[in-house]
Amino acid sequence: MCAWRYKQEWFEDGDVTRPEDWLDNVSEIANELNGYLDSDNFRELSLGMEHVKQKAFNSFLTYGEFMPWDFDYNFPGWTARSNSESGDLATVKGEVANDALYIIEFGCRWSWERDFSSSYNVNNEFGDRIHRNWHHVHTCVRFRLVANNTVVAESGWSSNTMVDSSLHLTAAIPLPAGSVVVRAEMQVAVASGMAPFTDFYSVGHKVSESDQVDYDRGLTVYDRELIVNIRKR
Amino acid sequence: MARVTIKDITEGGSLNIEDVNETIESWNDASKQINGDNVRVQGLDQRVFGPVIRKPPTAYTSGSGAGWVPHSPTLDFLPVKTTGADAVIRPGWLPSEGDTLIIRASFQFYVEARGGRPAFTGHSSTPTARFRLEYGDTQNWYELNTTERRFQMSKMYSDNTKGWLSSATFSGSGPSHPYGFNWDNSAPNGASGDTPTEQTCTIIHLVEPGEVGKVSNVPRFRIAYLTANSDMTISGVPKETEKVYIGWLNFNSTVYRR
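Residue numbers (the working numbering), protein chains in the order written: chain A, 1 to 233; chain B, 1 to 258.
Just so you know, not all the hints are guaranteed correct.
What the hints assert, rightly or not - No farther apart than 30 Å at their CA atoms in a straight line, the calculated lysine-lysine pairs in the DSS-like style are these: (1) A/53 to B/55; (2) A/232 to B/32; (3) A/55 to B/243; (4) B/214 to B/81; (5) A/232 to B/243; (6) A/232 to A/55; (7) B/32 to B/7; (8) A/53 to A/93; (9) B/81 to B/243; (10) B/32 to A/53; (11) B/81 to B/55; (12) B/55 to B/243; (13) A/232 to A/53; (14) A/93 to A/55; (15) B/214 to A/53; (16) B/81 to A/55; (17) A/55 to B/214; (18) A/232 to A/93.
These are computed hints drawn from the structure, not numbers from a lab. Note that the coordinates shown come from a computational prediction; the quantities given were computed from them, not determined experimentally.
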């Protein structure tokens, strides 16, 4: 026992030993064992994983859903909700007893609406909108991860020039003990093809009054998986 | 908590043998029952613990040495190959011990195809490339839910005449738009069109023990792909020219033990 390093009395040959002195030394060991053992009492790598309680170092909050999630495309800002759906895009919640490093990963795929029809759409098969002045407008989507109201990762815009596309986001952030909410959010906007990926408008925006096209576009997200690894120590 | 009780022995008193034996028994009992309560709060550090993460199996990788590996059109999901071998891993995963398994796949790909806008070019629909993770044994393979990833350009941007604004399909002059899943060395209007556009696909999945129940042993995992016209044909114009080229692949796993 490491407590022998701190024994209270030292005995030598020829000493007459008082029992209290002997007990002082023994108690030093017993007190350590009775709740004060530490790393000095164990050999290096001597504790195997079988000695450790499950989820002592890593625990996980997960959300996975393969069913389609229809985005309400009339909402212009960042959102985790859709009026068309009762549940969030992907959200996990938990109560965590210790501060920890949160390693967050989110993946999904999405499909833009294909059967859109409009008198201002030259050909429905395009899966795109054409402004009446014959320049393109792309509808775009981007995603981000939010942990306890802090944005920890954000994707770039992906336009509907890809009618099917996919995404993976990852992030890490230390958080204190207590309630934790991690969610994925998304935003849909339209961009002018004349200045691609520079000028973005809210959904429903009209480039000019003569433009009778609103830029609403349907979007459905599939195969959403949010994994939060809570790395405790 | 295992607790040691020491009988009090005082100077001048008689040494009772029961007191000595009870103290020894207390040590013996306690030494067999030490648990977390015997350790002071935050008293242990990483030095005393074995590995928290199990050693992963060899990751399947391909890179500049292997280059792009062509995968033929298919309407059914087939295994992604590296250089000849299927990309399959078998993690040392023991869910009965509380292990948590995460599978990670990341790679680049592009589709060699001529898409087209049916109304104008008579071509078939644009190509689609789809990927997913599967588990199984050596005989049968099953989809892992939430892992499918799909990629498909809109028809406008995969037209083999360089997009809808090409002068070939729109009255008046317009710029060529040779981008997207567009691959055509004989495009009109002087545009080369040889522009395979690499995409990146990443799939990460936390495997729940209950979702791999169709396999009795520790399962194997693989990446599967599907590529075809988006109307799920692989014939007609542009015939069997679609291929998905896959490279720079890394397929690995992590098993968190505690």
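Results of checking the hints against the structure:
For the given pair, residue 53 of chain A sits about 20 Å from residue 55 of chain B by alpha-carbon distance, which is consistent with the 30 Å threshold. For the suggested pair residue 232 of chain A and residue 32 of chain B, the alpha carbons sit about 29 Å apart, so the restraint of at most 30 Å is met. Using a Cα cut-off of 30 Å, the hinted pair residue 55 of chain A and residue 243 of chain B is violated, with the two alpha carbons roughly 44 Å apart. With a C-alpha separation of about 24 Å, the suggested pair residue 214 of chain B and residue 81 of chain B falls inside the 30 Å cut-off, and the hint holds.
Distance hint between residue 232 of chain A and residue 243 of chain B is unfulfilled; the C-alpha atoms sit about 45 Å from each other, more than 30 Å. Only pairs whose Cα atoms come within 30 Å are accepted, and residue 232 of chain A paired with residue 55 of chain A is accepted, the gap being roughly 9 Å. Proposed proximity of residue 32 of chain B and residue 7 of chain B is supported: the alpha carbons are some 20 Å apart, at most 30 Å. This hinted pair checks out: residue 53 of chain A and residue 93 of chain A have alpha carbons roughly 22 Å apart, not beyond 30 Å.
Taking the CA atoms of residue 81 of chain B and residue 243 of chain B, the gap is near 13 Å; set against the 30 Å cutoff, the hint holds. Our distance criterion of 30 Å between C-alpha atoms is met by residue 32 of chain B and residue 53 of chain A, whose separation comes to about 18 Å. For the proposed pair residue 81 of chain B and residue 55 of chain B, the alpha carbon gap of about 23 Å is at most 30 Å, so the pair holds. For the hint pairing residue 55 of chain B with residue 243 of chain B, the CA-to-CA distance comes to about 35 Å; that exceeds 30 Å, so the pair is violated.
Using a Cα cut-off of 30 Å, the hinted pair residue 232 of chain A and residue 53 of chain A holds, with the two alpha carbons roughly 13 Å apart. Simply put, residue 93 of chain A and residue 55 of chain A have alpha-carbon atoms about 17 Å apart, close enough for the 30 Å limit, and the pair holds. Only pairs whose Cα atoms come within 30 Å are accepted, and residue 214 of chain B paired with residue 53 of chain A is accepted, the gap being roughly 29 Å. Simply put, residue 81 of chain B and residue 55 of chain A have alpha-carbon atoms about 35 Å apart, too far for the 30 Å limit, and the pair is violated.
Straight-line distance between C-alpha atoms of residue 55 of chain A and residue 214 of chain B comes to about 26 Å, which keeps the hinted pair within the 30 Å bound. Taking the CA atoms of residue 232 of chain A and residue 93 of chain A, the gap is near 17 Å; set against the 30 Å cutoff, the hint holds.
In summary, the numbered hints that this structure violates are 3, 5, 12, 16.
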